[in-house]
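*Asks:* First residue of the sequence shown: 148, per the numbering used here; consecutive thereafter.
I should point out that these hints are in silico values taken from the structure, not numbers from a laboratory. Since the structure is predicted, the reported quantities are computational estimates derived from the model, not experimental observations. Each residue gets a CB set at the ideal place from its N, CA and C atoms; glycine is no exception. Worth double-checking, as some hints may not be accurate.
Claimed, not checked - With a cut-off of at most 30 Å between alpha-carbon atoms, the simulated BS3-like pairs for lysine-lysine come out as follows:
| id | residue 1 | residue 2 |
| --- | --- | --- |
| 1 | K150 | K583 |
| 2 | K325 | K312 |
| 3 | K325 | K381 |
| 4 | K489 | K381 |
| 5 | K489 | K150 |
| 6 | K312 | K326 |
| 7 | K597 | K543 |
| 8 | K578 | K619 |
| 9 | K381 | K470 |
As the list claims (entries may be wrong) - Here are the in silico distance ranges between beta carbons for each label pair:
| id | residue 1 | residue 2 | range |
| --- | --- | --- | --- |
| 10 | Q584 | Y613 | 26 to 36 Å |
| 11 | Q350 | R277 | 17 to 27 Å |
| 12 | T441 | G397 | 55 to 65 Å |
| 13 | Y613 | Q449 | 16 to 26 Å |
| 14 | Q548 | G179 | 21 to 31 Å |
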Amino acid sequence: MNKVLRQILEYDKIQTMLQEETSSSLGREMAGRLTPSADLEEIQAWLEETAQATEILNVAALPLGGFHDIRRTLEAAKKGALLEIEDMLAVRETLYAMRQVKRFFKELSLEAPILKEWGRNIEIQGQLERNLDNIFDDHGTVRDNATLELLRIRRGIRSAQHRIKDFLQSVLHAPEYKKMFQDAIITLRENRYVIPVKQEYRQAFPGIIHDQSATGATLFIEPMTVVELNNEAKKLALAEQQETARILRGLSAEIAASGDVLLTNMEILARLDFTFAKAKLARRLRAVRPLLNTAGRTILKQARHPLLPADQVVPINLFLGEKYRMLLVTGPNTGGKTVSMKTLGLLSLMAQSGCFIPAARESELAVYRKIYADIGDEQSIENDLSTYSSHLMNMKVMMRQADGNTLLLIDEFGTGTEPQIGGAIAEAVLKQFCNKQAYGVITTHYQNLKHFADAHEGVVNGAMLYDRNEMKALFQLAIG
């Protein structure tokens, strides 16, 4: 499917709607890659997946909370990188999501063999999950008891800090020093505990200056009597950093070892997210599973264009491929001809992408290997083509490529030039399409094409109905 067809039939907007129903970035990626298939067996499998997700969605929601895209994290871990804590927490949350989804399908009472099999294929990494839980608390901080060594170091740090603070408090409240302090507070500079001393008492207060206030009136001094205690605390802090790094390196290696399994699990979760997004879209559009065939038969009943408000659009009935292959539609401007044609094209693309369609349950669609559309003003200034020349170029491509498994959607066939010539060329092209046994819906105002349809087998006239008494379009398609 080329880019022009996607734009003409607004298939991209369906993809956007589908992306809005996903729960993860990987699911959104899959929705962005949505592409129709021409393989009936593959399409039927996709539709069955959507159908099973729809049944499940009626009773429960898939628990995908916490599912992150950790592909870069796994790639970095495989290269031996020391992972950031936030990346490890994303891995932990993703592991939890995998466990929840697996449990969800294990406990599900509904029959959903395809999706349940996906759930069974999720391989839980229990030991890695437990290790991450044992090392990080709920706030993402490395626990004191992550290892015995870290517990010993942190106890030593707290003990040293208490001794420093107790001593400095005694200095701050000593009568002989009280007048020397700007404020009776203890603060940190360069991870060392200091107290604020007035500038004029610098010589009277022995210690190491670490900083001064903006005005220079206050000096932040580390008293000589606590230098050793601060040194001890700093030494323990460095030991804490080293032990924490050692712990994180071990976790990084564990994550790397589980990388391939986690990637496979992520693919399953992404596919589940994507499939349930199709089910949510079906519910949003009040859509149903279409019947499919390779006999060129299309029976659309009460079909609605999916991008129009369901409570405002007038449903259409459109039939193609049983008694005739080509449908020529006439009617007033703004009467719904183009929308009817686009409805067929877009619903065909949706069905062949494994999506349900907004139509009555007995609706049936042919599976086309090729779909072409010439709708709207395709004038190309860049290629020095007029509107009519552009249409002729499209017709040239269609005549070359059309066969018995092609759907052609052509709006205002032959317009853009002098009517008599345009009508003659349009009739000649239409004959070629008929000779190639292609299927199509064509809108036109040309009388000669209407007469052609009456005179040739496999071609039929249709019209968008118009209420002459009320002088308004009814947006209903009548065939025959």
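*Asks:* Hint by hint, say whether it matches the structure.
*Replies:* Right, here's what the structure says about each hint:
Between K150 and K583, the direct Cα distance comes to roughly 25 Å. Compliance with the 30 Å bound is thereby established for this hinted pair. Taken as a hint, the K325 and K312 pair is honoured in the structure, with Cα atoms around 16 Å apart against an allowance of 30 Å. Distance hint between K325 and K381 is fulfilled; the C-alpha atoms sit about 28 Å from each other, no more than 30 Å. The suggested pairing of K489 with K381 is violated, with an alpha-carbon distance near 72 Å, which exceeds 30 Å.
Only pairs whose Cα atoms come within 30 Å are accepted, and K489 paired with K150 is accepted, the gap being roughly 16 Å. Restraint check for K312 and K326: the C-alpha separation of about 20 Å stays at or below 30 Å, so the hint holds. Restraint check for K597 and K543: satisfied, since their Cα atoms lie roughly 22 Å apart, inside the 30 Å limit. This hinted pair does not check out: K578 and K619 have alpha carbons roughly 34 Å apart, beyond 30 Å.
In summary, the hint linking K381 to K470 is not supported, as the alpha carbons are separated by about 89 Å, beyond the 30 Å threshold. Remark: the range hint 26 to 36 Å for Q584 to Y613 is upheld by a beta-carbon distance near 33 Å. Checking the proposed 17 to 27 Å range against Q350 and R277 shows it is violated: the Cβ atoms sit about 59 Å from each other. A hinted range of 55 to 65 Å for the beta carbons of T441 and G397 is consistent with their spacing of about 57 Å.
Evaluation of the 16 to 26 Å hint for Y613 and Q449 yields a pass: the beta carbon distance comes to about 21 Å. At about 27 Å, the beta-carbon gap between Q548 and G179 stays in the expected band of 21 to 31 Å.
In this structure, the earlier hints numbered 4, 8, 9, 11 are contradicted, and the remaining ones agree with it.
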